[in-house]
Structure formats: structure tokens, C-alpha cells
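Colleague: Single-letter residue listing:
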Amino acid sequence: MVLDSKTPQGPLAEKWNKYKFDLKLVNPSNKRKFTVIVVGTGLAGASAAASLAELGYNVKSFCYQDSPRRAHSIAAQGGINAAKNYQNDGDSVYRLFYDTIKGGDYRSRESNVHRLAEESVNIIDQCVAQGVPFAREYGGLLDNRSFGGAQVSRTFYARGQTGQQLLLGAYSALNRQINLGKVEMYNRHEMLDLVMVDGKAQGIVTRDLISGEIESFAGHAVLLCTGGYGNVFYLSTNAMGCNATAIWRAHKKGAFFANPCYTQIHPTCIPVTGDYQSKLTLMSESLRNDGRVWVPKTKELAEQVRKGQVKPGDLKEDDRDYFLERKYPSFGNLVPRDVASRNAKEVCDGGKGVGTTGKAVYLDFADAIHRLGKDAVQAKYGNLFDMYYQITDENPYEMPMRIYPAVHYTMGGLWVDYNLMTSVPGLYALGECNFSDHGANRLGASALMQGLADGYFVIPYTLGDYLAGIGPKPVDTSHPAFAQTKKDIMDQINKFLAMKGTKTLDEYHRDLGLIMWEYCGMARNEAGLLKAKGLIQALKVDFWKNAIVMGENEEMNMSLEKAGRVADFIELGELMVDDALNRKESCGGHFREESQTEEGEAKRDDENFAYVAAWEFKGENTPSELHKEELIFENVKLTQRSYK
Amino acid sequence: MSGNMNLTLKVWRQKNAADKGQFVTYKAADISPEMSFLEMLDVVNERLVKGTQDPIHFDHDCREGICGACSLYINGRPHGPKQAITTCQLHMRSFHDGEIITIEPWRATAFPVIKDLAVDRSAFDRIQQAGGFISVNTGGVPDANEIPISKVVSDEAFNSATCISCGACVAACKNASASLFVSAKISQLALLPQGQPERYRRAQAMVAQMDKEGFGNCTNTGACEIECPKEISLTNINRMRRDFYNAKFFKEEEIN
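Quick note, the sequences are listed as chains A and B, same order.
Counting in the numbering used here, the first sequence runs from 1 upward without gaps.
Counting in the numbering used here, the second sequence runs from 1 upward without gaps.
Think of the hints as simulated: they come from the structure by calculation, not from any bench.
Cβ atoms here follow ideal geometry from the backbone N, Cα and C, with glycine treated the same way.
Any given hint could turn out to be false.
Said to hold, decoys possible - Which chain A residues face chain B? A few, computed with CB under 10 Å, are given here: (1) Ser47; (2) Arg136; (3) Glu137; (4) Gly139; (5) Gly140; (6) Gln165; (7) Ala173; (8) Arg176; (9) Asn179; (10) Arg188; (11) Cys242; (12) Gln277; (13) Leu282; (14) Lys495; (15) Ala498.
Please work from the sequences and hints to get the whole structure.
Modeller: Quick look at the structure:
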């Protein structure tokens, strides 16, 4: 099968505008004859549901949380990029496009990324009109900051909670449509399967997380806006409930999964303290602007620090290794996320880590406090220091912070064409759950931008083209495919409920996470990946034999919810390993040890790997089939990143 | 491990909305002070499951204090003994070895218990659906910088907007009033120029829905403000009242 990206012809800057004109429109009086199912209510889902309802479509919207406002977009801290050039500092749509393509290490589509940069400016207008309280200057206009190493100030922000404010904006637009009766909202409903009729996506099967009722819903199209799959690693900055079940089950129904091995590991998270750890908390990347990263120079010194015999502040300058400044003199502590993360893991694996577990490095503000004064540091980072103090009980004004990398974002996801349609007709993927715009590495403040661009400004156009094509023929759940899918799900649930083994679901999930982190994290090699594949396969067999699932279906049952999610994580984990095995190059967020320069830096292989790896599910315990979409660069010249 | 604690938990267990419910006592042995409160419950639940007992159900998601899903009435206080944090940010170092910890769900008629410590807060969604928005469609809006807003006003709107809809204000209130929550939502939009055209209609609609959901009245006790994890100020309630009375007495022509 040849993957058709449907990338429009013509000059880059004109593609989207021309394409929009070429798309078919649905007659205004026909829009109400279509039903669209939207799964997930984060930035992508809430904005899509609201915008489609405004156009006149009937929307059914689903989330597993008790309220749409709790989707994990809410937790984004830093900001949202837009090429407004309000600061007159040389920004432009083309520069945002270029930075995003380069940041993604040339593994994304030019056409999609340019569209994202074009729509970025509309997002800010939309959010302000909704009442999103972005930071402002005294003159009353919007403030911007530079973020994630960008050379222009294009990031709009709302203190440390930009995600919450943007999501509340989209949620308010969604609420308005619920109030008008155009959106039917289903809280505490988890999508468990996709229903296919005549080769097209035509509905979903859900479980009501309170009553356990298995229901099916029909629609002319299904939009998955279900976020990333970082929780495959067990510990991540994702919310506890974030899961891959919707996209994984859609994958099993025919949607190709693209670049599953592309995960982003964020360098500045609060380290793990023990086995009971349930999640990791991100500390904004902005901290690296003033903090200096270091570890004790020798293993012996590190051990003394770990045992509390020596205080970090008492170590002489000569006894410290500022490893980022040493290795990357021109970028120092501001090297990109992947480089910072990899080096931190490397020094810890070499026995120089600090903290009780040895899995942490210092992020030290002593120099900044000395240089700028405590008040200035507090003004810049006060809320982050407070958060750190709250979690660790250590005062970062007096002790260096301890940080360690953590899984934060997944660039991979369901393969989509320019319309955001997956390889299944009528099934779309928006936001983090698609693979589309960030290549092999996402830049800071770009995730919010993509979620909202997809939902507000792309899908309202591209979905119309599909719906106009299939026509407003009514759909309902009477087709036998609905009953069959429901039965399949009921069978699976009964299978789970019969599992009365000895090992808890969290234990399996933790085991999977450790395998993934060790062998399929920021640095990989063939031997390790092959080992991981064997370990995951064994874990899967053991899971179905020995896991404990509690309770019944007809009740709120967190054990049953978890069972399905962990089963899917295990399978997805194996596909991630397959993808990592196939990609024998280092690029973006991951380092393939066999592919490095003489200096030990990541070496991309454009000749052999400038493609999107899209995997097709071929059946249980059968190898997936790889399809390649070649990436064509007509506008940017591929260069090797260097931060020396 | 040394420094770990042995605790006694008195936990509200209730199978479903129809069940009467009761306190059940559990031992929580060997709890590290580094654990978060919810991680402590995770550990207790793992042990329950190993003993084939139903785990304690509670709502939670982001575990970083922003999604508003976690609740819990701990030793008589919403989100536990510390101020300005959510339960997921509370750590076990705030407790001591041998302590008895009582854990209840939010108690309010408008928040019926679903199971154990999980309650139904969909009333909050319905209040916002009634009017907590600015009626603009996607597209066709002015450039963002065409609406200058004083930094002071914008910051104050932001302060109101930090509400995470957790419901601690309702749980803290002897009347189970939702005034702090509703007023924060009304204030955010009432302060901003974009919110003016629908200001009075919004206040009326949201207050009406609040009353319909069965929340109690506000009697200016202020417990809500003290227990709010985001430190939402009581001033919001004054703003809500002002807009509500204004709407009732002077702005009828703007409402219909």
C-alpha cells in the first residue's frame, strides 16, 4: 500500500490557502444531518467539538475524566508559540516553520508544519476573544517570552499555567455548544473500540465508568483526540489516566501507527524517590536559563554526597563537573532537551548521580543568586521553587535542586494525511495522538499550538470534504458491526474479570516501564532492543496468566479500567521497540548508539531514514508491516545539529 | 525503612450511590514520608488487591495540582492539613508515626457519592454550561492586540481564572455553598472587556443554575477562601452579588 499524504502541490506558503478552496463544502442546511464523534476533550478535542458544533454538525463528545476540563492539556506550564512578531524581533510564519522543522530534526512534513505556523497567529486571536487571560505588558498589550532556546520571543503565556487557561477557553466554547444542544457530552466514558462499517469508521463502543454499561454510538466520522502514550513508561509527566487504548484499538482496526519510537524525554523533572512513585513532575525548562547543571567530579565524591557525608554546597569548584558547560561550551546548560537528558542519564549511569537513589543531577542557582540577588531569582522562578520545595522539602534557595529526565511527550502517533485522516476512512487523529507536526523532537510551547490548530482551524475544513463526499445518509447502531464490536468488548471484559492471579496491574505496568526506560528510552542499541522485545513478550504472556483484576463490570471499577490500559500499553511497547529497532539512525529525541559521530554525538542518516515509519497491524502475535512515507524537503536544507 | 511511619486510616467506604456507607479502618504500615498522600493510598490499595479486597476508589488524575480531580476530606479539612495545595500535592511528611487519619469524600447534597471517596461534581459543569462563556465562534475575531487590557485588570482576571473546579469550597462550607467557585468563573469574564456584552445575562444564568443544583447559600463565613488550593479570594463573591443584583434591578433590558 502506498501512503498518500495528500500534500498539496504548489509553493509552500500557498498550499493551505489553495487547498482550502479546493476542498468540498457541506451545504449549510445539510450540516445538521451529520453526526461527528469526538473522543477526548483536551485542547484538540474540545476545540474541534466546539468548532464543528458551531458550524452546525451534531457532535457527541467523550472523555474518561469526570469533567472535560480535566484533560491533561490542563497541566502544560510554559506557553504557546505564535508567529505574531509582536516584538518586532524578526519572527515570521516562515521562521516558526523553519524552527519547527529543524527542531524536529527533519522528520516531519514541510506542508503540515507550515500550515501549523500559519494558523498559530489565529489561535492567539481566538483565545483572547474567549477571555483567556494571557500575560500582558503595562501598556495593555500581550507579553511574550523566549522559550526553549528560540532566538525570538514568540511564546504567549499565562503565568505557569498556560495549558489550564487555554483549555478553559476551549472548554467554555464547548460548554456553549452543550448549552445550545449541539454537543452531547459524555463524561466518565472510556472509548474501548472503533466500529467499522463497509471499511469506514462509523462509531465507537464505550464503557460508562460509573455503571459499567457498554454502549455504542454511531457517527459519520470519528475524531480521536486522546493525547499521547507516554504512560507506556509507567513514570512520566502524563496524568495517571492518560492511556493509549483508543488509538491502540483503532490501530488494531486498521489505523497505521507512525513513528511509535519517537518519545520526548524532558531533562528537568523532579527525581524519583522510591518504588511507590506514581508520576513525575516537570519543572519548567526555563530554569536552565539561570541554573547550572553539575555532578560531583568523581564516583567517590558522589557516594559521599549520596550518603550525606558531604553537603553539595561544600564541594569545591574543582570537585564539580559542570558536564554540559564542559562538553558544549557554546550552548552550555541551554542545549536542547534531548542532549541535556541523555548527558544526565550518562553521568548517573557512570555512578556520579546524587540524591538517595543516585538518579539525579544538580541544578544549581547559587551563582544566579550571587549575580542577580535572591529577589530577582524569586521574581523569575518563585512559583517553581515553591513547587519544588512542596514536593521535596528542600529549599532550592539554599540547596541545589535535584533533577532527572522524565518521559514527557510522544511525537509518534496515528499516521494521518494532510487532512488529519488516518489510514482508516472517516477516522481522524488530532493533537498529540497523531504523529504529524513535531518530527522526531518537539520544541517547547509547540504542543498547545498544534492541539488548537488541529481543532480550531484544520479539522473544520478538512472534515467537511470527507462528509460532503459520503453524503448525509443517516447512520445508526443497527448495523451488525455494532453488536459484534460490543460483544467483542464484553468478551474481553469477562476475560479480564476472570483473571485472579497473584500480581497486581501496577506491578505489570511498572515492569513494562522499566524495560522501556532502560532499553527504548533516550539511548538505544540493537542488542538492548532485542532483549527488550523478548522481555515484553514474556511480560505479556505472564500478564494474561497471573494478573489480578478485581470486582465486577457493573460498578465503578478502577482495576478493570487499568487492566485494559495496561494490556494495550504492553502491546504498544512492543511496537515501539520494533520501530526503534528499524530506525538505525540517531535523530531528534533519541540516540541510537550505533549511529554517532566521532565526538559521540547523534548522527542522523538522511540517506536511509528520511521517512515516516507507519506500521500496519497484521493480527495478534504477528509482526506488523512497515510502510514508508518518504519525506520530501523542497524548501529547507537538511543540516546536522551542533551545539558544541 | 527507618523514618517510615505506621498509620491507621479510617476510610469512608460506600459501594455505590444507593449504599449507606461506613467507615472502615485500615492499617497503613511502613509509609515513607516522601510519598504523596495519594501514593500512600496507592500502596494501601496494592496491599488490598493482593489480599483480594476491593481497592479504595478516589478521583485523581494529573497529580500535580492543576486538573482539580482529586478531592478528599482529610482529618476534617478539604485537601488535608496544609493550605494552598491539593491532596495530590500533600506529602506524608505532614503526618506523624502512629497518627489516625480520617478520610471522607466531599460532603454536599449537590455532590452525591459515586463510590467510596469519588463524588459526582457534574453540577459544576452544568453551571458553566449555563453561561460561563463568551459567545464567539471560531474565526472572525479581531487581532489579539486590538483589545488592550490593563495589566492590573488582566492579572486580577487571571487570579479568578486559576480556579481548578475541585469543589473544596463547597466541601469546606457549612452550607455547602458553591459561591466561591461560581463567583470566580463569573468574575474572570466580568472583569475583561470581552466579557461585557453578556455580563449580566451570564451572572443571572449561572446563579440560577447554581441554585437549581441544590447548593446552599453563602453566609460569609470564609472557610472556602481558607481551604481553596488556589487561594481564590472572597472578593469574587462580592463581584458576583453586585452583578447579580445589578442584573435583577437595573439591567433587565440587557438580559432578554
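Colleague: All the hints need checking, so say for each whether the structure fits it.
Modeller: A quick look at each hint next to the structure:
no., hint, result
1, Ser47, "8 Å, holds"
2, Arg136, "5 Å, holds"
3, Glu137, "7 Å, holds"
4, Gly139, "7 Å, holds"
5, Gly140, "3 Å, holds"
6, Gln165, "6 Å, holds"
7, Ala173, "6 Å, holds"
8, Arg176, "4 Å, holds"
9, Asn179, "5 Å, holds"
10, Arg188, "9 Å, holds"
11, Cys242, "8 Å, holds"
12, Gln277, "7 Å, holds"
13, Leu282, "8 Å, holds"
14, Lys495, "18 Å, violated"
15, Ala498, "14 Å, violated"
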